[in-house]
Amino acid sequence: RKEVEQDPGPFNVPEGATVAFNCTYSNSASQSFFWYRQDCRKEPKLLMSVYSSGNEDGRFTAQLNRASQYISLLIRDSKLSDSATYLCVVGYNFNKFYFGSGTKLNVKP
Amino acid sequence: GAVVSQHPSWVICKSGTSVKIECRSLDFQATTMFWYRQFPKQSLMLMATSNEGSKATYEQGVEKDKFLINHASLTLSTLTVTSAHPEDSSFYICSARGGHNEQFFGPGTRLTVL
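Residue numbers (the working numbering), protein chains in the order written: chain V, 1 to 109; chain C, 1001 to 1114.
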């Protein structure tokens, strides 16, 4: 079983739609959680850290559910520029990080 | 946000040569840096964890004598691909760990071995 699992998608949504991704992790001792976005042939860029209380940054909301071992990312009012691959990253033991394979989002006009 | 640079951004070399890639944290110090490899349409794969002043920790299946890592300062880690072969062609990305355990990625180095 993979440490971190994501639905690869693609999620094809119209502009203005709300879309949500989930990411499950297998290690209950995981301590840190992040969402990154990666554009084609580019490096991942940190989108947001995910805290136990959940956090929001503009149109993006991230939540952590420790009991069910998943994190989620909600994007409201999707823009064309949101089209990218979204990577879920889970860390434990301070130096150990596991990446999901990414969820591809296509926002269409 | 924190900035991480990589050099070179792309390199083409002949089979059998060695290639050195530099990863620098430009506006912060990083005791820990990571080296990843990504093949087309695949996820990032961690190769090794680079700790300043000590030996790197390699992931299972990654040859330490093939991929030499040096982290001599708090702002610089280098990855040397020794005796590169076509199967080593890939996108190599480094990251530096920030103060809240997040990672800031370099722009990557695209290596093509002929």
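Worth double-checking, as some hints may not be accurate.
What the hints assert, rightly or not - In silico contact screen, one side only, chain C against chain V (beta carbon under 8 Å); selected entries:
1. Phe1028
2. Thr1032
3. Ser1043
4. Leu1044
5. Thr1049
6. Ile1093
7. Gly1108
If you're looking for bench data, these hints aren't it; they were derived computationally from the structure.
The C-beta atom is built at its ideal place from N, Cα and C for all residues, glycine as well.
Hint numbers not upheld by this structure, sorted from lowest to highest: Result: hint 1 breaks, nothing else.
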